[in-house]
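**Q** If you want the building blocks of each chain, they are given just below.
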Amino acid sequence: DGGITQSPKYLFRKEGQNVTLSCEQNLNHDAMYWYRQDPGQGLRLIYYSQIVNDFQKGDIAEGYSVSREKKESFPLTVTSAQKNPTAFYLCASSMKGDMGAYEQFFGPGTRLTVL
Amino acid sequence: SQQGEEDPQALSIQEGENATMNCSYKTSINNLQWYRQNSGRGLVHLILIRSNEREKHSGRLRVTLDTSKKSSSLLITASRAADTASYFCSSGTYKYIFGTGTRLKVLA
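Protein sequence lines, in the order shown, are assigned to chains L and V.
So for the first sequence, the working numbering puts the first residue at 1; every next one is plus one.
So for the second sequence, the working numbering puts the first residue at 1; every next one is plus one.
So that you can see chain V by itself, here it is in the shape it has in the complex:
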């Protein structure tokens, strides 16, 4: 069964705006990962945050993790049209469990 649940399911913003998407999970994890998927393509790994970390940055990406609330957020700052994609979180201990994704559309 799916553990991760991304929110919102779809998001549409203007270029230059920030995009925030959230992921909730049900069981304990040793890390949580975010991936991007362009339409009809494979997934690309964005960032991994470990259960003992609260925040992590990579370029325009910022990920937070709140293990007490079993949730994570992905912030993309100064979004670009090229950021248009689906974003998935993957969580779990001893297995990879993917959510249903957030479809982000960045309008030029």
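Next comes chain L alone, as it looks inside the complex:
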């Protein structure tokens, strides 16, 4: 099955902890993205990567970090510097090219709750 997976589905974090959200795709896509969704809101772009070993900040990158060591994987770390991390996090991938030119494929999401 081709697709994009995220784990875990639910994640609980204590204040002051860093946590890492996993995102894996086997669609052979070069581009990958992380979004944050808050209740009743649209998606806001955190980070994106168009190629291995390269990534750019999105609109709300503060308090987050990413790596792109492999084409298939784009993990997101929510650091303790992120003041309000409770949200639904979505990972997506697409073919490489001008951003916005191709459809995005989304994972099922990770719901992060800070205790």
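Everything labelled a hint here was simulated from the structure, so no lab data went into it.
Mixed in with the good hints, there may be bad ones.
To be verified - Listed below are the simulated DSS-like cross-link pairs for lysine-lysine, each with C-alpha atoms no more than 30 Å apart in a straight line: (1) K57/L - K26/V; (2) K70/V - K96/L; (3) K95/V - K71/L; (4) K9/L - K70/L; (5) K26/V - K69/V; (6) K56/V - K70/V; (7) K71/L - K9/L; (8) K105/V - K9/L; (9) K95/V - K56/V; (10) K95/V - K26/V; (11) K95/V - K57/L; (12) K57/L - K9/L; (13) K9/L - K26/V; (14) K56/V - K96/L; (15) K57/L - K14/L; (16) K57/L - K70/L; (17) K70/V - K57/L; (18) K83/L - K70/L; (19) K96/L - K14/L; (20) K70/V - K105/V; (21) K95/V - K70/L; (22) K26/V - K96/L; (23) K96/L - K71/L; (24) K69/V - K105/V; (25) K83/L - K69/V; (26) K26/V - K105/V; (27) K96/L - K95/V.
Since we're looking at a predicted model, the values are computed, not measured.
Starting from the known structure of chain L, arrange chain V on it as the hints suggest.
**A** Only chain V this time, still in chain L's reference frame:
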């Protein structure tokens, strides 16, 4: 900042009726896309319409694009209970900008 703005924010209809939702955007685009999101799930791509297209169909979906008004509409015909979801438009040139979505509820 959000570019897309869907209208209405919420819509409730009876099964079999048509559902129309609209999306407005602010800057120029090279294409516009519609996605569906079931509660607590990821987004599923529905349809992409390019800036030089005015209308596109896919099954029970019909999308129109008016670049002069910077707006698009999504029509779902003969709606089903399974169509209950949030619908988002994504627009922009060189980036994906999502609106806040329309929450559609189809009553059986």
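**Q** Give me the numbers of the hints this structure contradicts, sorted from smallest to largest.
**A** Violated hints (numbers, rising): 13, 19 and 25; every other hint is consistent with the structure.
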